[in-house]
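Chemist: Line order of the protein sequences matches chains A and B.
If you're matching positions, the first sequence starts at 1 in my numbering and goes up one per residue.
If you're matching positions, the second sequence starts at 337 in my numbering and goes up one per residue.
It is worth saying that the hints were derived from the structure and are not from the lab.
Take the hints with a grain of salt, since some may be wrong.
Among chain B residues calculated to face chain A with C-beta under 8 angstroms, some are [to be verified]: (1) L416; (2) L418; (3) D420; (4) E437; (5) M450; (6) P472; (7) K478.
Backbone N, C-alpha and C fix where the C-beta goes; we use that ideal spot for every residue, glycine too.
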Amino acid sequence: MFNYTIRRLIFTIPTLLFISFVIFFILDTAPNDPTGNLPLTIPPEVRVKIRASLGLDQPMFIRYLLWCQQFFINEPLNLIEEWFNITIGDGDRLRVQSWATRFPVVDLVVERMPQTLWVVGMSYVVGIIIAIPIGVISAYNQYSWFDQIGTFVSMLGFSVPTFFTGLLMIVIFSVNLRWFPSIYDTTLKVDSWGNFVLQVKQMIMPVMVLAFFNAAQLSRFMRASMLDNLQQDYVRTARAKGLKERVVILTHVLRNSLIPVVTVIALGVPQVFGGAIITEQIFKVNGLGQLLIIGIQGADIPLVQTLTFIFAVLIVLFNLIADILYGLLDPRIRYD
Amino acid sequence: MLPVGGTQIPEGRGILDDNAPLVKVENLKMYFPIYRGILSRRVGEVKAVDGLSFDIMEGETLGLVGESGCGKSTVGRALLHLYDLTNGAIEVNGHDISTLEGEELRELRPEMQMIFQDTQASLNPRMTVGSIIAEPLDEHTKLSKTDKRAKVGELMDAVGLARHFADRYPHEFSGGQRQRIGIARALALNPKFIVCDEPIAALDVSIQAQVVNLLEDLQEQLGLTYLFISHDLSMIRHLATRVAVMYLGKIVELSPRDALYEAPLHPYTEALLSAVPRPDTAQAATRNRIILKGDVPSPSNPPKGCNFCTRCPKVQDICRSLEPVWRDFGDGRFAACHLID
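Input sequences plus hints: build the corresponding full structure.
Modeler: Structure follows, in structure tokens:
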């Protein structure tokens, strides 16, 4: 397993380099202009100068290599300097800068990460906590009223987009009932009980909107996997052994059914980091998803490039984690 | 330890008079509903097992034979109340298990166990062999950890598995070894009655003999009572004390083994026996093979009268209108056929 992991990790290097090039190429060929949002009164020759100052007069290949140098060498060195409080070389390196904010992209990401992890990550956890029992009960009582309602609700969760459920919740709970704020306040510091309650209140709606969507998918997976296992012969063996029904379901069926579900969960984690672009936009959560939207609108290529690449790294990494988890959970699967 | 009954039964006689029945089955019915249409209305039922009555004596091996789909396995599972019965009474060791549910039924599980056909699927792939065998002990006994380990070791010795296999997973074993695991698991709680549901059908011939001999040895040592379900007539002849022949959800004949193989009463038994390959080629050339024509009727729509009337070579008019009654022909022989005097 260890050798397998190392081998897979080595293989990710060329994969990721290739992905980074593809992203760069696509962004470069897109008809974007970083000066497009500037006032129309700015004369064309000034625009050309602005573009040149951003390095856009260089050929694409040079710009790609420069980005590579900045991202793969300068940024990690900078991180090491900050963590260990040391200076490597002269300490004067060019970092990946956002064109719009003139701010290092990595710092922007670090700034936005907590909101996304709290809101989107929490929604993922809540979704899992809701989905697994629903899936188990639905499968155990297949075609019961609980299962029928569960199927209907998860079909809703699947098909109704988050911008609809989000707005619906705002209308109901913010506008009519006035229970929760419709805007997420990032400046809120949780330093007292009252602020903690406020934080919970402002998190509830975005978390529930996303959790509903996640739970809808996961509960279907869980149900299907449980149904698959409930019909297996070893379940009959477990019953014939005279085990309690709870033991049969929880230790035999559930554990075997969780194997595919755990890998699906692991594969979904990069989406958490990617942020929920639409939901963050609706509830004004200034997370990574919102950062990406702003970057795209402003043709902020270094920002979009870096963010997209970080997502790619996470996806590749969690694919590997899912594979390893599968091997750990199912003794029949052996790598090497 | 129980008295060793299986070896004391004299040849040619099915029932030893001083042996009380361990298992009594009365009018066992197991129907599976069929749902059709948009509203999934119940449109009928598959009569997998349709009114069986028989006893299994303590220490004997009752062989249950029949072609595939005739309901043999359903009988085995229903007997241990692994299905919800449609009708019927089952008494195992003095307990009426057909009406028991949940916890009360669970507490009787140690007395009756089952060995399954599919050795791969019937073992939980995520549990080690040791924990598979020990699990019934966790549930039904209060043994200490070391005692449990010792017991698992003993069981593995008894079925001929090396003790160090305890930490391995089922998929690492061959079919024969896995069946030994299944047998060890079934024996863990010292059961009296074991349903062997085609335990050797999935194994190759050399391994079949090993497993069958193991089952015989265990019966002798532990005084077990078996219901041995199989479609292999030669194996049943080797193992069984009495044989029940099933056709389309019903037992057509129940006789002591030797009597049945010598002179079958029911035309279906006769046809089955004529299909058994013989090692003697001269004999094989002259034997009268009875070849049954047509397919087995659907158990959801069995024919009127005798179930076998559509394929019986000796069919009469009465067979198509009147269902034959289950009759006692003396010497422990029973059959349901109009044509036997």
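Chemist: Run every hint past the structure and note whether it holds.
Modeler: A quick look at each hint next to the structure:
1. L416: holds (6 angstroms)
2. L418: Constraint on B:L418 satisfied, holds at 6 angstroms.
3. D420: Hint on B:D420: violated, closest Cβ of chain A at ~12 angstroms, above 8 angstroms.
4. E437: Interface hint status for B:E437: violated (11 angstroms vs cutoff 8 angstroms).
5. M450: This hint holds: B:M450 lies near chain A, its Cβ roughly 5 angstroms from the closest one there, short of 8 angstroms.
6. P472: holds (5 angstroms)
7. K478: violated (15 angstroms)
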